[in-house]
Amino acid sequence: ALYAYYAQIYLYVYSWALNLDPPRCRIKREVNLLVPMSDGVMLSADLYRPRNDRKYPVIILRTPYWKRDPDHDYPKIARIFASQGYAVLVQDVRGKYGSEGIFEPFANEEKDGKETIEWAANQDWSDGRVAMWGF
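Counting in the numbering used here, the sequence shown runs from 52 upward without gaps.
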């Protein structure tokens with residue numbers, strides 16, 4: 052309970068510091084969702100979204116550095132976006148951490164990214180609008 056309290060406080064502080072609206076909603080996280088690729092490989096992702104069952108625009112972050120890496124703050128970034136009314140999918144790229152396949156830098160990123168976008172756009176929690184964030 053104390054962690055949840057502090058999590059809400061930091062969302063307010065970050066929202067204020069970034070000149071965003073105050074957090075609009077509480078967040079839930081679903082871990083290790085498996086996103087199927089057309090060649091049968093499954094890519095692991097964590098989903099952060101508002102706790103209600105409405106549909107939201109989706110922001111995808113794909114990384115070779117682990118989706119929960121504290122040095123890159125992906126969970127914190129995802130929670131900030133989710134508190135503003137987005138569903139945020141943070142995904143390990145092919146062959147890294149929870150994702151299957153062989154990691155070959157930049158070889159599969161375009162195809163896997165496109166298929167992840169299509170998958171996310173068709174989920175129950177998505178309103179069909181999808182963006183990617185990061186490099």
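Check each hint, because a few of them may be wrong.
[Stated by the list, open to error] Computed cross-link-like contacts, DSBU-like style, restricted to lysine-lysine with a CA-CA straight-line distance of at most 35 Å:
hint : residue 1 : residue 2
1    : K79       : K162
2    : K147      : K127
3    : K106      : K79
4    : K165      : K106
5    : K127      : K162
6    : K127      : K106
7    : K79       : K127
8    : K147      : K106
9    : K165      : K79
10   : K147      : K162
11   : K79       : K147
12   : K162      : K106
13   : K165      : K147
14   : K127      : K165
Keep in mind the hints are simulated off the structure, nothing from the lab. Computed from a predicted model, the values in this text were never measured in an experiment.
Okay, the hints, checked on the actual structure:
1. Annotation: proposed proximity of K79 to K162 holds, straight-line Cα distance about 29 Å (limit 35 Å).
2. Straight-line distance between C-alpha atoms of K147 and K127 comes to about 20 Å, which keeps the hinted pair within the 35 Å bound.
3. Straight-line distance between C-alpha atoms of K106 and K79 comes to about 14 Å, which keeps the hinted pair within the 35 Å bound.
4. Under the criterion of a C-alpha separation no larger than 35 Å, the hint pairing K165 with K106 is consistent with the structure, at around 20 Å.
5. Distance hint between K127 and K162 is fulfilled; the C-alpha atoms sit about 27 Å from each other, no more than 35 Å.
6. Note on K127 and K106: the hinted pairing holds, with a Cα-Cα distance of about 21 Å set against a maximum of 35 Å.
7. Between the alpha carbons of K79 and K127 the distance comes to roughly 13 Å, so the proposed pair stays at or under 35 Å and holds.
8. With a C-alpha separation of about 29 Å, the suggested pair K147 and K106 falls inside the 35 Å cut-off, and the hint holds.
9. A threshold of 35 Å between alpha carbons decides the hint, and for K165 with K79 the separation of about 25 Å falls inside it, so the pair holds.
10. Annotation: proposed proximity of K147 to K162 holds, straight-line Cα distance about 16 Å (limit 35 Å).
11. About 24 Å separates the Cα atoms of K79 and K147, which keeps this hinted pair within 35 Å; it holds.
12. Annotation: proposed proximity of K162 to K106 holds, straight-line Cα distance about 25 Å (limit 35 Å).
13. Between K165 and K147, the direct Cα distance comes to roughly 18 Å. Compliance with the 35 Å bound is thereby established for this hinted pair.
14. A hinted pair counts as satisfied when its Cα atoms are at most 35 Å apart, and K127 with K165 qualifies at roughly 24 Å.
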